[in-house]
Amino acid sequence: MPTANLVSKHFGNEKARELDWYRAQGGYEAARRALFEMQPEEITEEVIKSNLRGLGGAGFPTGRKWTFVPKESGKPNYLTVNADEAEPGTFKDKYIMTWDPHRLIEGIIVCCYAVGIHTAYVYIRGEYVRPYERLRDAIRQAYQGGVLGEKVLGKDFKLDVFIHRGAGAYICGEETGLLESLEGKKGWPRLKPPFPAVVGLFDCPTVINNVETISHLPNIILNGGEWFAELGADRSGGSRLFCLSGHVKRPGVYELTMGSPMSELIYEHGGGILDDRQLKAVIPGGSSAPVLTADCVDLSLDFDSLAKAGSMLGSGGVMVLSDSVCMVKALSVVSHFYAHESCGQCTPCREGTGWLDRILMRILEGDGRRQDLDTLLSIAEYMQGTSICALSDAAALPVQSFVTKFRSEFEYHIQHKSCDVENPEPALAL
Amino acid sequence: MPRLTIDGQEVNVEPGTTVIQAAEKLGVYIPRYCYHPGLSIAGSCRMCLVDAENSPKLQIACYTPAVEGMKIITNNEKVKQARRHMLEFLLTNHPLDCPVCDQSGECDLQNFYMEYGRYESRFLEDKIKKKKATPLGPHVVLDQERCILCSRCTRFTEEISRSHELGIFNRGNRSLVDLHPGKTLDNPYSGNVIDICPVGALTEREFRFKCRVWYLASQPSVCTGCSRGCNVWIHFNASQRSYKNQGRRIQRLKPRFNPHVNQWWMCDEGRFGFEFIDQNRIEFPHLRQGSRLQPVDWEEALQTVVRATRSALDKFGPESVGVIASAMQSNEELYLVKKLFGDGLGVSNIGHSNPAEREGFSDDFLVRGDKNPNRAGAEALDLTASVDSILEKATHGDIKVLWVFHHELPPQALEGAQYVVFMGSNWNRTTESAQAVLAGVTHAEKDGTFSNFEGRIQHFQQAVPPLEESRNDVGVLLDLARRLDCPLDLQDAGDVFRQWCGKSLRELEPFGELLTAAAV
Amino acid sequence: MSSNFQFTPENLEEYQDILRRYPVKRAALLPTLHLVQAQHGFVPAEAEQFVADLLDLPVVDVREVLTFYSLFHRREMGRHHIRVCMSLSCWLRGAGRLKRHLGEKLRVESGGVSADGQFSWEAVPDCMGACEIAPMLQLDKDYYGNLGNQDVDQLLEGFNGPPGDPELE
Chain R
1 MPTANLVSKH FGNEKARELD WYRAQGGYEA ARRALFEMQP EEITEEVIKS NLRGLGGAGF
61 PTGRKWTFVP KESGKPNYLT VNADEAEPGT FKDKYIMTWD PHRLIEGIIV CCYAVGIHTA
121 YVYIRGEYVR PYERLRDAIR QAYQGGVLGE KVLGKDFKLD VFIHRGAGAY ICGEETGLLE
181 SLEGKKGWPR LKPPFPAVVG LFDCPTVINN VETISHLPNI ILNGGEWFAE LGADRSGGSR
241 LFCLSGHVKR PGVYELTMGS PMSELIYEHG GGILDDRQLK AVIPGGSSAP VLTADCVDLS
301 LDFDSLAKAG SMLGSGGVMV LSDSVCMVKA LSVVSHFYAH ESCGQCTPCR EGTGWLDRIL
361 MRILEGDGRR QDLDTLLSIA EYMQGTSICA LSDAAALPVQ SFVTKFRSEF EYHIQHKSCD
421 VENPEPALAL
Chain Z
431 MPRLTIDGQE VNVEPGTTVI QAAEKLGVYI PRYCYHPGLS IAGSCRMCLV DAENSPKLQI
491 ACYTPAVEGM KIITNNEKVK QARRHMLEFL LTNHPLDCPV CDQSGECDLQ NFYMEYGRYE
551 SRFLEDKIKK KKATPLGPHV VLDQERCILC SRCTRFTEEI SRSHELGIFN RGNRSLVDLH
611 PGKTLDNPYS GNVIDICPVG ALTEREFRFK CRVWYLASQP SVCTGCSRGC NVWIHFNASQ
671 RSYKNQGRRI QRLKPRFNPH VNQWWMCDEG RFGFEFIDQN RIEFPHLRQG SRLQPVDWEE
731 ALQTVVRATR SALDKFGPES VGVIASAMQS NEELYLVKKL FGDGLGVSNI GHSNPAEREG
791 FSDDFLVRGD KNPNRAGAEA LDLTASVDSI LEKATHGDIK VLWVFHHELP PQALEGAQYV
851 VFMGSNWNRT TESAQAVLAG VTHAEKDGTF SNFEGRIQHF QQAVPPLEES RNDVGVLLDL
911 ARRLDCPLDL QDAGDVFRQW CGKSLRELEP FGELLTAAAV
Chain W
951 MSSNFQFTPE NLEEYQDILR RYPVKRAALL PTLHLVQAQH GFVPAEAEQF VADLLDLPVV
1011 DVREVLTFYS LFHRREMGRH HIRVCMSLSC WLRGAGRLKR HLGEKLRVES GGVSADGQFS
1071 WEAVPDCMGA CEIAPMLQLD KDYYGNLGNQ DVDQLLEGFN GPPGDPELE
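Residue numbers (the numbering used here), protein chains in the order written: chain R, 1 to 430; chain Z, 431 to 950; chain W, 951 to 1119.
It is worth saying that the hints were derived from the structure and are not from the lab. Don't take each hint at face value.
[Said to hold, decoys possible] Computed list of lysine-lysine pairs in DSS-like fashion (alpha-carbon distance at most 27 angstroms, straight line):
{"#": "1", "chain 1": "R", "residue 1": "K185", "chain 2": "Z", "residue 2": "K501"}
{"#": "2", "chain 1": "R", "residue 1": "K71", "chain 2": "R", "residue 2": "K192"}
{"#": "3", "chain 1": "Z", "residue 1": "K560", "chain 2": "Z", "residue 2": "K501"}
{"#": "4", "chain 1": "R", "residue 1": "K192", "chain 2": "Z", "residue 2": "K560"}
{"#": "5", "chain 1": "R", "residue 1": "K75", "chain 2": "W", "residue 2": "K1091"}
{"#": "6", "chain 1": "Z", "residue 1": "K501", "chain 2": "Z", "residue 2": "K487"}
{"#": "7", "chain 1": "W", "residue 1": "K975", "chain 2": "R", "residue 2": "K158"}
[As the list claims (entries may be wrong)] What follows is a list of derived Cβ distance ranges for each label pair:
{"#": "8", "chain 1": "W", "residue 1": "F992", "chain 2": "Z", "residue 2": "R604", "range": "47 to 55 angstroms"}
{"#": "9", "chain 1": "R", "residue 1": "E422", "chain 2": "Z", "residue 2": "G535", "range": "56 to 64 angstroms"}
{"#": "10", "chain 1": "Z", "residue 1": "F639", "chain 2": "R", "residue 2": "P426", "range": "48 to 56 angstroms"}
Keep in mind that this is a model prediction, so the values were computed, not measured. In this text, a Cβ means the ideal position worked out from N, Cα and C, and glycines have one as well.
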């Protein structure tokens, strides 16, 4: 049974936003258990056992991340929940905050108690106004209901949760860009080390976890880490939300256990390819993930399988491209995004993203040169591993994979000044 | 003490040292744009990439700590290729307007391109247009297209001048350095951003289009703007191009690193206050004939002042001669004043301070209120008789011959003085009251030392020859000593320094020595 | 330095509440700018100095932040603001058509304000996180998706009054 409803259980149910209803369904029982029946170290131990990995995109083991927080730094520790969901093709955290905000709050309590944190900030992207309002209302209820505040659920444990709204910058989804932004600065990522677990928000030890990651914690506490681990694949525990979009009949958020086949997501849940066309390509983990060709439907959806296939599970944003798509245009859309979102700090990213974008536009305008493809690949090569953060790599990987896997389409475009597909979607004159 | 290997050479460094610093210790210069030793680490230009053993990715040398056993390679093919590509990235939107750029010749885009670039341009796109030739303040002009966004200038105004004028606005390749609208870059240290800008984005308004830098030569010197004694380079016309720039020989001053005095910086007051070197200069000795000063030759001038001094001494004794030396003079000159007038002629009325002088602007960084470069030297040599009383004696006729070095005294202070000998480099109101004016030189035209406010003896060196007939003060004083029958067996400032300090100028520590430590 | 911009009494209270959330004053910068924009429709130049004074910041830092983030407006926009998502998933489902249609409908290019001042709009390259309803746009606070040209026409016609609050799909 690969479908799951660990975090999607209440999606579509308006009642779940109400504290009383959520509690009547057994909500905050996990938080109560964690606070009253478990030692903080035991919680961390369960999370390590669960194989829960960061679901924002990087896939770092969550429990281990917590252990990097120094035991006695003499400073307060912070939790920042990454709700900046901005990786193209990703929209799952919006569902959690909109439909099940108390699950997120409960996960926050579990994490904070485990790590010894008394202040948590949820950094939510500025565009998500309604999800922000839902979460804000839920937090208000939680304070009023004694779930947050001076004594969390009656325990002598103080916890404040604040929401911090972003203002339109993809880079603030990067951990340290997020911290800078929360501190009231431009979202310029920081040099690492030190890592946020040691020197993070306001120079204090800081855990940064994605909304969905945190939202899995209540179930892990209730059912145990081993139970969660067994649900999933080898080293990717449990389930996760997949964001299916593009050329499928039923785009949407689907929760599947880790290791479910790609074909099931696209054909069973997604209802197959739009207009019954042929599948051409899949970008499996947000637009930074290298594109896969149609034969990828046999892959399993977990971190390791996709890494082995040369791509990544990333944020769970699965974008499906049918054979109606001109890959040159598609790449141009993707590259334009990165050029728009580069923070401008590091040379290769600032200049490279813009350069890639302009070469692709020139090809689309019919002024492509034979050497352009080699130039694109060379730019992409030197954008990787040369910047402070991974945005540069994220911008380079699609270029490398598109040009390599669909080279003939690019060559056709340069030579014929038109697409190698029939009735393609027009390019975006951006 | 971590021990690491860089390009096969071993080096021991202090804990906390970065690879770029460790390499410098070995004389290995790693190219950089954003890194500056006086500023926080930005780590963003990515030019200083090096290959660290056991690290798949190249590392930035400016931020990578030097650790025990580390093996770094700074010059293999992987590193060179990466640098070449970083340069290519930097130059994509750069206008390449070197022919009209003041930075040409001292530009790190040019320098590193010659060393690591030398590729055929692959950039076929239109370059992004930004603001050009925009004055930011009294001294600095900005070209946003040339800017490579290394953030040195913004870090300077944030961390060093703490004046917060400059920022980097927007993001991605639309990023640009600018001021907040309506503000100006006008702080006491604004000129430093010109020095630290590695490209032609921030250039100097005063120097702009005056001279190509390859026509400049430089000499280490010390700023005379205040008693801090910031170490500077004097940049002057190397060739005979006096038809340029109204004959001005000195083109600009640049700060010279001294960890104890000014680090990498200097103030605008000092930086732009060098015009006196080429303006309003006393080019010939003069004697008063009637109501006017007439140029004469040195022989006549010296004979005249020696005769006047000798006559006063003979008739009225040493109390009839007064000397107002100056904290603008070098230690060597002051030493000779003391040797000649004090020890040789027995004069006791030797002071150095100017009663008209008031404390000037000062701050908690570099600028000192005392605008004399050598106050500590004058005090250490004990030339501290009351100038007020010397002037009083001169106006009452007790002092018959008054020697004044460099000072601009209030005109009324010399009313009634019988015979004033002025020696200095520039015309001022005191020369109007003088019977004899001896044409001295500025610090740019001589060798010597100043002792700064904390008593640090610092060496400055001659950059340009004396103007016209003006003469080095040390030479004139030695000449006078001979003529006044107390010859000193010395030839030049170096000899004087040796006699004073017991060592040669060359032996003086490069960053100077405290008076107490030097064998004075 | 003085500034012409002032918070309303309610917003001043809100600002005080914002301050209490952070141990460091500067952290209140983004929320404070949001508050300025909510009150004024955009962040006028004089408000930059106002915010700088409030938070003890150099005004250049305020400008840096203001120009870094794309949700802040620095000039007057329409009474309603529309952001059309141009990201890959939306493009695959017709964002290009949506963009052209909106430009024709409002008779102004992306970044502009309609002649009657009712709408301003922009095509944004960043994904707005609503690919499941592609192609989509954000009008004021809300997301609207699966938009054909007629849907857009209807949507705009319904917006002579205050913004509604439809559910997410």
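Here is what the structure says about each hint:
Between K185/R and K501/Z the CA atoms are separated by roughly 37 angstroms; this puts the pair beyond 27 angstroms, and the hint is violated. Simply put, K71/R and K192/R have alpha-carbon atoms about 20 angstroms apart, close enough for the 27 angstroms limit, and the pair holds. At most 27 angstroms may separate the alpha-carbon atoms for a hinted pair to count; K560/Z and K501/Z exceed this at roughly 42 angstroms. Distance check on the hinted pair: K192/R and K560/Z sit about 32 angstroms apart at the alpha-carbon level, beyond 27 angstroms; violated.
With a CA separation close to 38 angstroms, the supplied pair K75/R and K1091/W exceeds the 27 angstroms bound. Note on K501/Z and K487/Z: the hinted pairing holds, with a Cα-Cα distance of about 14 angstroms set against a maximum of 27 angstroms. Among the hinted pairs, K975/W with K158/R is consistent with the structure: their alpha-carbon atoms are about 22 angstroms apart, no more than 27 angstroms. In this structure the hint that F992/W and R604/Z lie 47 to 55 angstroms apart at CB is violated, the actual value being about 19 angstroms.
A hinted range of 56 to 64 angstroms for the beta carbons of E422/R and G535/Z is consistent with their spacing of about 58 angstroms. Range check, F639/Z to P426/R: about 50 angstroms between beta-carbon atoms, so the 48 to 56 angstroms window is met.
In this structure, the hints that do not hold are numbers 1, 3, 4, 5, 8, in rising order.
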